[in-house]
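There are 2 protein chains.
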Amino acid sequence: MKAIAVDIDGTITNQNREICVNAINALRKAEVNGYPIILVTGNVLCAAKMVSVMVGTSGGIVSENGGYIQTRKKNLVLGDIKKSILAYNHLKSEHNIKKTEFSEIRLSEIAIVRNIDEETVKESVKNFDVEVYDTKFAIHLTDPEVNKGKSLEIVAKDMGINVDEIMAVGDSENDLEFLEVAGFKVAVANADKELKENSDYVTQKPYGDGTAEASQ
Amino acid sequence: MKAIAVDIDGTITNQNREICVNAINALRKAEVNGYPIILVTGNVLCAAKMVSVMVGTSGGIVSENGGYIQTRKKNLVLGDIKKSILAYNHLKSEHNIKKTEFSEIRLSEIAIVRNIDEETVKESVKNFDVEVYDTKFAIHLTDPEVNKGKSLEIVAKDMGINVDEIMAVGDSENDLEFLEVAGFKVAVANADKELKENSDYVTQKPYGDGTAEASQ
Numbered sequence: 001m002k003a004i005a006v007d008i009d010g011t012i013t014n015q016n017r018e019i020c021v022n023a024i025n026a027l028r029k030a031e032v033n034g035y036p037i038i039l040v041t042g043n044v045l046c047a048a049k050m051v052s053v054m055v056g057t058s059g060g061i062v063s064e065n066g067g068y069i070q071t072r073k074k075n076l077v078l079g080d081i082k083k084s085i086l087a088y089n090h091l092k093s094e095h096n097i098k099k100t101e102f103s104e105i106r107l108s109e110i111a112i113v114r115n116i117d118e119e120t121v122k123e124s125v126k127n128f129d130v131e132v133y134d135t136k137f138a139i140h141l142t143d144p145e146v147n148k149g150k151s152l153e154i155v156a157k158d159m160g161i162n163v164d165e166i167m168a169v170g171d172s173e174n175d176l177e178f179l180e181v182a183g184f185k186v187a188v189a190n191a192d193k194e195l196k197e198n199s200d201y202v203t204q205k206p207y208g209d210g211t212a213e214a215s216q
Numbered sequence: 001m002k003a004i005a006v007d008i009d010g011t012i013t014n015q016n017r018e019i020c021v022n023a024i025n026a027l028r029k030a031e032v033n034g035y036p037i038i039l040v041t042g043n044v045l046c047a048a049k050m051v052s053v054m055v056g057t058s059g060g061i062v063s064e065n066g067g068y069i070q071t072r073k074k075n076l077v078l079g080d081i082k083k084s085i086l087a088y089n090h091l092k093s094e095h096n097i098k099k100t101e102f103s104e105i106r107l108s109e110i111a112i113v114r115n116i117d118e119e120t121v122k123e124s125v126k127n128f129d130v131e132v133y134d135t136k137f138a139i140h141l142t143d144p145e146v147n148k149g150k151s152l153e154i155v156a157k158d159m160g161i162n163v164d165e166i167m168a169v170g171d172s173e174n175d176l177e178f179l180e181v182a183g184f185k186v187a188v189a190n191a192d193k194e195l196k197e198n199s200d201y202v203t204q205k206p207y208g209d210g211t212a213e214a215s216q
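Line order of the protein sequences matches chains A and B.
Using the working numbering, you'd call the opening residue of the first sequence number 1 and step up by one each time.
Using the working numbering, you'd call the opening residue of the second sequence number 1 and step up by one each time.
So that you can see chain A by itself, here it is in the shape it has in the complex (with noise of 0.2 angstroms):
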């Protein structure tokens, strides 16, 4: 193993997206032990390269659900934004949702309020070429064409690893893909039934406590 990567909301924070102090620790101990982390997560880049910088991880980030990426030398939109809006669009023709914080600033899919549940979504945009992601803190309409796994390919490859030599850690539907390219896949205690079916190991503890079990 080589590296970590992580999601974040739910699997290094908790329900209410506060970040766990112990999975802080154990993130930096496994940076000073040689094992870069990388944050894959639904979030704008934004914000999480403030996590990245607050907890100090040096791996790379794969923001907006895969959508836009910074590896080590570049930073790369992959995601077309236009397939979620004409989606996002019909969505809103239909039922009362609103965009998410920032939402100006999310380059490659749109993510809404979950005051709407998930199979309504799926229903509404079903003749519409996006992914329906939900991430149990925002429901996301993503380019299919990217996701969390091809973005973690590409992070991986500037930083001149392979994807089988990473250690994935995750807690929802949206992560499923990053952890089936990694080489050991790991769900924690809180994560969704279908990631944990798909993981090689699941985490004693919940949200960033598991985390911390794992990257030790």
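You may find that some hints are simply not true.
Pairs involving identical chains hold if they fit within one copy or between any two copies, as the list cannot separate such chains.
What the hints assert, rightly or not - Below are the DSS-like pairs computed for lysine-lysine, each with C-alpha atoms no more than 25 angstroms apart in a straight line:
1) K98 <-> K74
2) K126 <-> K98
3) K73 <-> K99
4) K29 <-> K205
5) K98 <-> K82
6) K2 <-> K157
The hints are simulated quantities; they were obtained by calculation from the structure and are not laboratory data.
Mind docking chain B on chain A? Use the hints.
Showing chain B alone in chain A's frame:
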């Protein structure tokens, strides 16, 4: 005392901008004990908001050195970025400078990478209507009509309190104005000499440990 206002970089982080877990714990405890935390920073709002969410602060945010605020009731752009653009363009014609990351989402001022010294910047833009701040993390060209102190007053008002009921904690010259308006003024041990001289209390410990000390 009814609330605590804290700067981010150098005040709850170390010199590498890594957040101090003791500061996180102390600020969370203060929130639980009924003292809302207000973040007062030169960072862009999106980054400051992520810190607010991750730490779990509820008082509001002063970002961009006062130029852009998020109170409990509203977001407000207070600084006029046109002033900064004029000064920046002149500075750029004289020196090889670079804006900081995410400058495209900075709405009220311009921050430049600190590969030029503050005095050189001040000399170059002396005929322009901007305030020059060296935060030790970046050099800011800010509308002189705004500062962290005036903006903290607006945030406090929307919390239903007065600024003189706030304890303020900072480390840098751009923190002078918000310490000035606060009821109790704290400089962390690593703070600028001028800030220390204008404080009611200088912490024994530096950086985030100093903020933890003051918040207890």
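Each hint, compared with the structure:
1. K98 <-> K74: Classified as between: cross-chain Cα gap 17 angstroms, same-chain 32 angstroms, threshold 25 angstroms.
2. K126 <-> K98: Close inside one copy (19 angstroms), not across copies (45 angstroms); limit 25 angstroms.
3. K73 <-> K99: between (31 angstroms within a copy, 18 angstroms between copies)
4. K29 <-> K205: both (19 angstroms within a copy, 23 angstroms between copies)
5. K98 <-> K82: within (18 angstroms within a copy, 31 angstroms between copies)
6. K2 <-> K157: So K2 and K157 pass the 25 angstroms test inside one copy only (12 angstroms; across, 50 angstroms).
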